[in-house]
Structures are given as structure tokens and as C-alpha cells.
Amino acid sequence: MSVRKILNKIALAICVFLIVSPAIFFFLWMLSLSVKYEIDNASYPPVFIPDRFAWQNYIDVLASNRFTTYFFNTLIVTGTATLAALLVGVPAGYGIARMQAHRSAVVILIARITPGLSYLIPLFLLFQWLGLLGTLVPQIIIHLVVTVPIVIWIMMGYFETTPLELEEAAGIDGATRWQVFRHVALPIAKPGIAVAFILAVIFSWNNFVFGIVLAGRETRTLPVAVYNMISFDQLSWGPLAAAALIVTLPVLLLTVFAQRQIVAGLTAGAVKGGVVLLSWHPGRA
Amino acid sequence: MSSSTGPPALKLRPLSYWPFVLPALVVVLAVIVFPWVFTIWMSLQEWKVGSPTTFVGLANYVRMPNDPRFVEAVWHTLLYTALSVILPLIFGTFAAVVFHQKFPLRGFLRGVFIMPMMATPVAIALVWTMMFHPQLGVLNYLLSLVGLPAQLWVFDPGTVIPSLVLVETWQWTPLVMLIVLGGLAALPTEPYEAALIDGASFWQMFRYITLPLITPFLFIAAMIRLIDALKSFDIIFAITQGGPGSASETINLYLYSVAFVYYDVGYGSAIALVFFVLIVMLAAVMLYFRQRFHWNEAGGGA
Chain R
1 MSVRKILNKI ALAICVFLIV SPAIFFFLWM LSLSVKYEID NASYPPVFIP DRFAWQNYID
61 VLASNRFTTY FFNTLIVTGT ATLAALLVGV PAGYGIARMQ AHRSAVVILI ARITPGLSYL
121 IPLFLLFQWL GLLGTLVPQI IIHLVVTVPI VIWIMMGYFE TTPLELEEAA GIDGATRWQV
181 FRHVALPIAK PGIAVAFILA VIFSWNNFVF GIVLAGRETR TLPVAVYNMI SFDQLSWGPL
241 AAAALIVTLP VLLLTVFAQR QIVAGLTAGA VKGGVVLLSW HPGRA
Chain V
286 MSSSTGPPAL KLRPLSYWPF VLPALVVVLA VIVFPWVFTI WMSLQEWKVG SPTTFVGLAN
346 YVRMPNDPRF VEAVWHTLLY TALSVILPLI FGTFAAVVFH QKFPLRGFLR GVFIMPMMAT
406 PVAIALVWTM MFHPQLGVLN YLLSLVGLPA QLWVFDPGTV IPSLVLVETW QWTPLVMLIV
466 LGGLAALPTE PYEAALIDGA SFWQMFRYIT LPLITPFLFI AAMIRLIDAL KSFDIIFAIT
526 QGGPGSASET INLYLYSVAF VYYDVGYGSA IALVFFVLIV MLAAVMLYFR QRFHWNEAGG
586 GA
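Protein sequences appear in the order of chains R and V. Just so you know, the first sequence maps onto residues 1 to 285 in our numbering. Just so you know, the second sequence maps onto residues 286 to 587 in our numbering.
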């Protein structure tokens, strides 16, 4: 029996190693590429840990004044789009949950299903017509396509699980709906808001497709800037990998430190979305 | 879910919640509904940026089946999607079963495991491009370690789609894992205890107890994967731009070229609409099969 237990443990360890190694290997290799000089990056067989570290790759990326511009562009676009989404999405999630307007969730699902490019054609023409191209405004507005549905979706689900008794008690004491929301429902919903905030930030930060169409030279966000580096400096892998790592590092840190919220948000969102989809088919409706 | 039958006192004045929803409704109308209506209207026009527009009815739609590049893109999309649903589903289920066990550092390793799907797609695409490099890439080196011949990966029309699917699978297996893990956490323990007493093997328990019980979760995961794989853009665009030639050009990438390289927004809008209908249709087909073969029966609550 004990031999079998040990064998089971070894089998489990091998399985864990097998499923985690692609991710670990990839990110370690990314790190390795980013700290190597060209001569090490171009050698075969590949060098995993170089003799000399090329920290210069990072300094070059961080020191270029374009990087600062692109970093603040991303910060402004993601920050504004996320805060605006929380501002309209948290009350909306509350309203939908309390009105039990579950059918309105279908709109959010359609938004989830629609390819991002479909929004881009009409909105691109609209922004062109309004003369807004060349500013960050078009990107902020179109990032709402990403952030608003996430926030509404998560908050709707969250407010469905918060107790009604407290709200009713406050209502009996003469509080208005707004006061009930502001002073009773909102404080309880903080963990849900944190989940919505984190996911909205990540998906907005990572967004690429809106930027390649709407961003000009001065209004690029970091993912678009990195993509443009590929076409221009095809050959120097070190600085490219360093730039890629810098762009995705905030998201990776969030993933590690806010793992619980991310997992809760994604699984709840996915399963809830699935349930709405499944309760939708003609046979039952 | 338990609050779905709210107390009558609050149901009396449901309209008073409208102010909460109104701002979001305005945003949704502006950035989601308006683009849709405008797209439908544009798809009926001959409309190239910079030249006058004329109403052409359904001409843009008739053009699609006669456009070899579009037809080819549909096949690329279907192949890419089929592989990108099946592979993450298999690996994700396996990973979920493993993460359902208890072992040291489980929380941390789960965090590492989900990093690929949270990381910025363009950043990881860039590193994959370097790894795919036929001469200097690390993948061919790894193949040589186990005695396999070097590949051209994304640089050969024959292997470009499987190579991109490899990236997509690496990236999105974690989402399937999380959904299935949620399903595993909700499983009852009694059937397993009974099976253990009967001397069932691990594989038998998985095949005859676990698998039927998690089918609803697998179905949800498959549905999400289907939608996301059809829409996949960032990875393909950043690694191959649809190349070599047009060997990895999916509908979404062709749509990008038509709308934002050739600025043929009328035709582009028609493609966008057909693309959306295709996504909804394939999702509906999956729902139909689920109903037809009662994939949901074991799930009950879900």
C-alpha cells in the first residue's frame, strides 16, 4: 500500500511538472532573451544563462523618451476606460440585479461574441468625421467596449449574491434608493468591485486591435508600440524581449498577487455566461 | 442565485432602479448598438474611404462566395478553430484533474499556470516568433534534443496553422482548466467512496463518474473556446500577419485587410456581419447537439 502511495505521489509530481513546465519555460526563456547580448541570442545551441548580463537592454527601453510617452498613453487609456466603466457599470449591475432584468444580460453576451474589429469600422469613421483621430479620446471610448461589459457582468452577478435584508431595513428607516445603494450595497460589494477593476484593467491594458487602427505615432499604447518594434528592429532580440517583458510585467504581477480575484471573476463570469447561453435555446424558451 | 425570488416589497416599484442603469445604457447604445446599426447600413453601400458612396443593396454579400480569398479564409478559420477548441479542452481537463489533487505549492503553481492567458498577447507573440525561428529558435533546439527534425513552424504554409494553434493552446488551456476545476470542486464525494469500495481504478472513476458529471462545464468551456478561437486576432496578426502568403489568413485577419488596408468599408462591413452570423450559427449548432444528445443531463444544477 505504501509503495503504491509513493508511486502515486511520483506520478502526480510528473503530471504537475508536465502541465506547468510550458508556462515556466516560456517566461524563463523570455527573461533569458531579454538579458542577453546579441552574440548570445544568436548562438546555436542556445545559451540559457549567459556569462555576461545585458542589463543595457532594459535601460535602453526605459530611457527612450518614446517609451515614457507610450507608457503614459496606456496609463491614461486604461485608467480612464476602467474608471468610467466602474462609474456606469457598478450602478448598472446593481440595477439589473435588483430589477431581475436577466434578459438584458443577452446584450452583454452579444458584446462578448462580437469580434472587436466589427466595432472598429463604424467607430473609426465616426472618430475621423469628428476629427478626433490623433488624440487619445477614440481609444478611451473604444476601450469602453471591453471594460463596460466586464464590469456590468461581474457586478450583476455579485449583487445577486449580496443579502437584501440590510437594504430592506435601510429602506424601512426612510433611506432613498440612492442612499441604500451608496451606504449599504456599495460597501458590501467592495470585493466584487475589486474583481471587476482588476479584470477590466488587464483586458484594457492588453488590448491591441483597437490601437493598431486608431493610434497615431504619438498616441500609441504599449502593445502597439511593441508590435511596431518588431517590424523595425527585427534583428535585435535582446531589447525586443526586454520591451515585451516590461509591457506585460504589470499584468503578470497582478496575476500572481490577485490570483484569487482573477480566478473568481473569470470562472464566475464564464460559468454564468454559459448558464445564460444554455438557458437560451429555443427548446426551453 | 438564491435571491432570484425577491421579496414583493421591492418588486412593487421596479422602475425606480432605472436611474442606476441609464448611464450604462447610454454607453452601451453608443459603443455597441450604434456600431451594429451603422455596420448593417454600410454593408449595403459601395463605400471606399475617400470616394462617394452608392447604395448597392446586397452586392457586397454576393461578392463574398465569389471571392477566393474570403472562401479560403473561412476554411482557415474553421481548421484553426476546430483545433483550438479540441486541444485546450483535452489538456485543460487533464490539468484540472491534476490541480484538483492536493500537492505543495498548488496555489502558486496555479498562478503560474494561468499566466499565459493573462499576459499581453502581443508581448508573448513576439517571444513565440523568436522561438519559432528556424535557425536560432529554441523550439528546433528542443526538438533536436529528442531527435526530431527541425521544422519551419510559422514560416511554412503547411505548418503555420498548427504552429499558431500551439500558441493558442498554450495560451488558453488555463481558462478551460479553471472552468473544469470549478466543476470538479462541486462534485459529490459519495460515488467515489462507493467506487473505491468496489475497487475501481483511477481511470475507471474518471471515465464513469467524473467525466459525465463535468460534461456541462466541458460544454461551457467548449462554447467559450469556440467563440474566442473564431475571433482570434492578436496572436495571428502579430506572428504572421496572415502569412506566409495568405496561408494563415482567417476571416478576422481578412476583415482587417479589407477594412483598414484597402479601406473598402462597405465590403468590410458585410464581412463583419457574415462573420458575426457565422459565430452565432456555430454556437447554435453546438447548443443543438447538446440538446440532441442530452449532454447536459448529468449536470442537473448547471
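Take the hints with a grain of salt, since some may be wrong.
[As the list claims (entries may be wrong)] Within a straight-line C-alpha distance of at most 35 Å, the following computed DSBU-like cross-link-like pairs (lysine-lysine) qualify:
#: 1; chain 1: V; residue 1: Lys387; chain 2: R; residue 2: Lys9
#: 2; chain 1: R; residue 1: Lys190; chain 2: R; residue 2: Lys272
#: 3; chain 1: R; residue 1: Lys190; chain 2: V; residue 2: Lys333
#: 4; chain 1: V; residue 1: Lys333; chain 2: R; residue 2: Lys272
#: 5; chain 1: V; residue 1: Lys333; chain 2: R; residue 2: Lys5
By construction, these hints were calculated from the structure, which means they are not laboratory data.
These are the hints, each one checked on the structure:
| no. | hint | in the structure |
| --- | --- | --- |
| 1 | V:Lys387 - R:Lys9 | 10 Å, holds |
| 2 | R:Lys190 - R:Lys272 | 20 Å, holds |
| 3 | R:Lys190 - V:Lys333 | 48 Å, violated |
| 4 | V:Lys333 - R:Lys272 | 41 Å, violated |
| 5 | V:Lys333 - R:Lys5 | 69 Å, violated |
In terms of the numbered hints stated before, the structure departs from hints 3, 4 and 5, listed from lowest to highest.
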